[in-house]
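Using the sequences provided together with the hints, build the complete structure.
Protein sequences appear in the order of chains A and B.
Number 347 in full-length UniProt numbering belongs to position 347 of the first sequence; there are no gaps in the numbering.
Number 47 in full-length UniProt numbering belongs to position 47 of the second sequence; there are no gaps in the numbering.
Each hint should be verified, as a subset may be incorrect.
As the list claims (entries may be wrong) - Derived Cβ-Cβ restraints for the label pairs, each shown as a range:
(1) B/I101 with A/D38: 51 to 59 Å
(2) B/V42 with A/K188: 53 to 61 Å
(3) B/P96 with A/S104: 47 to 55 Å
Stated by the list, open to error - Cβ-to-Cβ under 8 Å is the rule here; a few derived chain B residues that face chain A:
(4) P31
(5) F69
(6) L77
(7) T89
Claimed, not checked - Taking lysine to aspartate or glutamate and the EDC-like style, the derived pairs with C-alpha atoms no more than 20 Å apart in a straight line are:
(8) A/K177 with A/D282
(9) A/K231 with A/E389
(10) B/K49 with A/E137
(11) A/K275 with A/D3
(12) B/K111 with A/E137
(13) B/K49 with B/E84
Worth flagging that the hints you see were computed from the coordinates, not collected in a lab.
Glycine included, each C-beta is placed from N, C-alpha and C at the ideal position.
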Amino acid sequence: MRDVAIIGVKNTKFGELWGRSLRDIVVEAGAGALEDADVGGREIDSLYVGNMSGGRFIDQEHIGALIADYSGLSKNLHVPATRVEAACASGGLALRQAIMAVASGYNDIVIAAGAEKMTDVGSEEASSALAAAADREWEGMTGATFPGLYAMIARLHMHRYGTTSEQLAEVAVKNHKNGSLNPIAQYKNRITVKDVLNSIMVADPLHIFDCSPITDGASAVVLAPADIAHKYTDTPIYIRATAQASDTIALHDRRDITTLDATVMAAKRAYSMAKLRPEDIDLAEVHDCFTIAEICAIEDLGFAEKGKGGIVTANGETAIGSRIPVNTSGGLKACGHPVGATGIKQAVEIVTQLRGEAGQRQVEGAEYGMTHNVGGSGATAVVHIFSRER
Amino acid sequence: MASVPRFWRGIGSRYNLEGTRCNECGEYFYPPRNFCVNCRRVGHIEPYKFKGTGEIISYTVIHTAAEGFEDQTPYILAIIELDEGPRLTSQVIGNPEKIHIGMRVRSVFRKLGEDGEGGMIYYGTKFVPENE
Ligand SMILES: [Zn+2]
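So this is what it looks like as structure tokens:
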């Protein structure tokens with residue numbers, strides 16, 4: 001296998017982009033990443049695109065072809081394009097497919113993109129599309145919603161470990177603060193614990209400010225074999241590990257409702273592949289679709305002892321400038337969560353940080369960064385580790 | 001939400017709390033599985049009707065409903081562990097103030113939801129506190 005590097009990155013603005021279509025925003029992200037990498041269309045060997053639910057959000061399937069077409073990669077060049085779907089982990093998996101294509105030697109220059117246009121349908125339809133990532137027949141049929149499933153994770157976490165609503169709220173407060181420093185973020189307003197606790201209850205104990213929003217956005221990265229990465233950029237960022245794991249689709253079938261075993265296993269595989277430990281990681285973008293998800297993530301990834309995720313967060317250990325900055329981009333909560341794009345956006349943030357180009361939210365001296373992308377309530381988890389030095 | 005055949009397929013399980021059991025390893029499955037996750041190809045699956053008693057592992061009170069459940073809010077959703085071992089997601093009928101982790105519950109036959117006005121009405125299993 002060959003070492004792989006990221007040589008170009010680009011995010012669109014995240015938010016409610018009513019005036020723009022999926023194809024518009026993907027072209028912006030893709031072209032931006034290619035420009036960043038200084039790569040021409042003729043050099044591109046393949047394209048992988050993460051998209052969760054084009055069929056339901058914009059009534060369009062065949063997203064791989066659509067994107068290749070509108071990126072100008074179909075006419076004359078006929079670049080192969082593949083859509084990858086794993087619910088909210090679609091982007092992370094698209095990146096993983098792209099890495100494997102380069103590592104294997106089949107391809108040299110590959111684009112991994114992710115995109116979702118969620119505001120073309122109403123919020124009810126959007127919620128229904130998202131609910132399709134759970135077990136529709138045995139969870140959805142009973143009136144389960146995604147916030148409801150994560151609320152049950154939160155409830156048991158609180159019962160077993162003493163985690164509090166205030167500690168959950170601290171996740172949102174931190175991520176909004178980070179988001180306020182990120183030009184692409186959907187929400188740039190800072191919030192307080194009180195704001196979270198006073199917001200509407202969606203699924204007890206989760207308030208609306210515990211939940212990530214409905215978002216439009218696209219992200220793209222360009223990959224190359226590490227051996228030739230310096231031809232394109234002075235600051236290639238290297239992939240040290242790509243790992244993925246599965247768990248039951250229904251939350252009720254899990255070994256432990258408060259642990260995402262797919263995350264634990266993907267992280268274990270990633271640490272082993274990179275020959276690194278949790279203490280070596282300087283920052284992480286984790287899947288905070290709900291505040292409780294970030295608390296479980298930092299435990300499952302080894303940044304906090306099991307059950308201590310809430311305390312670690314409330315202590316400020318995951319803030320920028322502290323022990324292990326988590327979600328410097330603002331996370332899914334504040335930066336926004338265009339489901340298919342999220343896994344790629346996380347990679348863009350880590351690359352930006354490792355290059356030292358993150359401006360006000362820069363983590364000083366960051367050498368190793370991690371991304372953690374989850375599909376559904378934890379049936380798919382994808383973990384990547386990146387490094388500044390090869 | 002679901003077509004008639006899709007719902008109909010699960011009626012036996014939904015109405016009667018019928019699942020399956022692997023007579024190779026003895027594990028019970030609800031929702032039913034036709035393939036044993038422990039024994040895989042050497043498993044032997046047979047139908048099994050659950051007693052319908054169990055306890056609440058975790059729960060939430062849903063205020064923003066799923067599509068088709070709008071007129072039921074707030075409703076209690078729980079993960080229940082049946083006495084035979086498997087867990088399932090179900091609504092619990094009762095006072096949200098009194099519900100708690102570890103609470104004993106038993107199954108009852110109820111309307112689950114509907115596909116909008118004039119759409120299909122779904123029936124199936126919900127749970128109530130055991131001593132009610
Ligand atoms: Zn078996």
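Cross-check of the supplied hints:
no. : hint                          : verdict
1   : B/I101 with A/D38: 51 to 59 Å : holds (57 Å)
2   : B/V42 with A/K188: 53 to 61 Å : holds (57 Å)
3   : B/P96 with A/S104: 47 to 55 Å : holds (54 Å)
4   : P31                           : holds (4 Å)
5   : F69                           : holds (4 Å)
6   : L77                           : holds (5 Å)
7   : T89                           : holds (5 Å)
8   : A/K177 with A/D282            : holds (19 Å)
9   : A/K231 with A/E389            : holds (16 Å)
10  : B/K49 with A/E137             : holds (19 Å)
11  : A/K275 with A/D3              : holds (14 Å)
12  : B/K111 with A/E137            : holds (15 Å)
13  : B/K49 with B/E84              : holds (10 Å)
Of the numbered hints stated above, none is contradicted by the structure.
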